[in-house]
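Enquirer: Protein sequence lines, in the order shown, are assigned to chains A and B. The first sequence: position 116 = 137 (my numbering), numbered continuously. The second sequence: position 127 = 197 (my numbering), numbered continuously.
These aren't lab readings, by the way, just hints derived from the structure by calculation. From the three backbone atoms N, C-alpha and C, an ideal C-beta is built for every residue, glycine too. Some clues are possibly wrong.
As the list claims (entries may be wrong) - Stretches of chain A that chain B covers, calculated by requiring three or more beta carbons in the stretch to come under 8 Å of a beta carbon on chain B: (1) 63-74; (2) 90-98; (3) 118-130.
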Amino acid sequence: MIELYKVEVVYDDGYKGLTEIDLHIERGELVYVTGNSGAGKSTLLRLLYADLMPSRGIVKVEGQNLGNMNHKSVAFMRRNVGVIFQDYKLLEDATVYDNLALPLEIYYMKKSVIRDKVYNLLKMLDIFQHRDSVVQKLSGGEKQRVAVARALLNEPFVMVADEPTGSLDAKNADKVMDMLLHKSAKGTTILIATHDQRIIKEFPGRVIQLDRGKLIYDSKAKGKVNV
Amino acid sequence: MSDQYMYILSKGIKIFIGGFRQNLASIITLATLIFMYLAVFSVNFSVAKAVGSATDSRTLRVFIAEDSEPEKFKDTMIELGLNSDIRFYDRADAKQRVIDRAPDSKNLEELPEDLFPRFFELTSDNLTDIALADAAAKMEQTDGVKSVESGKKQNEKMQKIKRVSYVFVTLLTVLTGISSCFIIFNTIRLSLYRHHRAIMLYTLVGATRFFITMPYVAASKIEATLAFILAYLMNKFFISFLTAKLLAGSFFTLVTPGPWFSLFLYIVLMFITAFSAIFSVVTFLMGQKSVNEV
């Protein structure tokens with residue numbers, strides 16, 4: 022479960038990223054965060070993987086108050102949050118396998134165990150044939166599937182995706198969405214920041230809309246909120 | 071737990087090998103710094119050792135004039151009541167005494183005996199400083215005595231030189247330590263910038279600071295060990311060269327500190343390395359604001 026109470030984010034230059042956000046998201050919900058550029062979508066998502074701390078208010082992920090955490094606790098919390106970016110954030114000069122081994126290395130797992138886990142996931146996501154390919158040689162769709170695979174490896178409770186289909190064609194976008202919906206059906210909470218109305222229509226979920234840092238619409242509340 | 075150490079070591083080796091070409095200059099700089107320290111330390115160590123063996127504070131040496139008979143001084147010395155051992159060194163004995171104290175100095179044997187003055191040596195463990203000074207004053211006033219050399223005075227002079235030498239070495243130790251810290255800090259920092267993206271991705275997937283830091287500590291320890299071995303060998307070679315060429319036949323011999331001291335120095339270097347590496351990584355991580363920046 023994700024809970025935000027009166028959350029406000031003010032950047033160093035004084036710009037208000039978010040203002041008075043109250044939000045409750047149940048476990049297993051698929052939530053689309055929409056809004057124009059600069060509305061605060063990325064800021065909201067960054068709060069959830071503690072890449073950003075609120076200036077005011079409380080952010081709780083699975084009952085943990087992110088504002089009270091030290092570095093070690095943040096690290097452990099992030100193991101339960103999978104993050105996907107529009108620009109993939111992969112190691113471009115490393116292989117697909119090396120990119121996917123990365124989240125498992127932090128547990129000091131044996132190489133054989135890591136190999137088994139990575140291979141299983143690659144087969145499941147139908148990208149096993151790319152295991153030894155260098156990432157920079159993959160297409161955008163393939164890269165994003167690798168990025169999704171990396172986010173899925175640790176079986177996270179929450180997944181946040183910032184414009185995951187933004188640079189993909191419809192076919193690849195649908196593949197990525199299928200992967201995310203599959204996880205959502207298994208109880209993983211998923212937040213997707215997107216402009217893509219087609220995706221929202223084809224893969225229905227709760228929609229919240231931000232405008233200049235304020236929550237102006239929540240489909241669960243059936244209408245405008247907090248305007 | 072062993073998996074953890076194996077991971078840290080293998081990752082450290084990987085970081086070291088990956089950055090070897092870029093870090094070679096740092097390794098050579100560190101090796102040169104340690105070598106210079108070891109060389110200066112070796113020279114100081116040798117001087118201190120030589121000074122230590124050359125002086126005996128409980129000794130009085132009475133040098134007699136050319137035409138004086140040694141026998142007439144013995145009674146005077148016994149009358150001093152110092153209850154000390156009295157030994158007379160004729161020219162041959164005096165020469166042999168010097169040769170015994172500098173066994174590697176072959177050229178001393180070629181010197182004529184006439185160059186070595188005759189003297190009495192009074193030695194006692196029970197001599198007080200006052201008794202020694204009184205005895206020296208009395209003997210100086212005795213006819214036929216050319217000069218009197220008190221071991222205590224010599225020792226005091228030598229101790230001053232040793233103290234200066236210790237202060238110098240201590241200062242050099244501190245400066246070498248600080249310089250090593252900076253070199254290691256910068257080497258690790260360069261490595262961190264090379265792996266910036268990977269580090270940020272590790273933090274994104276939940277890596278702790280310990281997980282990120284320890285492989286860099288391991289890599290820096292490998293680098294420092296290599297530098298130390300290089301410096302140690304360079305010092306051995308340097309000392310051997312000096313002893314064989316420049317100091318050949320001299321009464322002064324250079325010696326390197328023993329293996330225990332080298333081990334101690336290595337352990338200190340490992341502490342400095344760990345501290346610098348940890349400080350470098352932690353301050354680097356503290357400066358990273360967001361994974362979105364990579």
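Enquirer: With reference to the structure, classify each hint as holding or not holding.
Expert: Now the hints, each set against the structure:
Restraint check on the segment 63-74 of chain A versus chain B: 5 residues with Cβ-Cβ distances below 8 Å, three needed, restraint holds. Only when three residues or more bring their CB closer than 8 Å to a CB of chain B does the claim for the segment 90-98 of chain A stand; here the count is 5, and the claim holds. For the segment 118-130 of chain A, the assignment as covered by chain B holds, since 6 residues bring a beta-carbon within under 8 Å of that chain's beta-carbons and 3 suffice.
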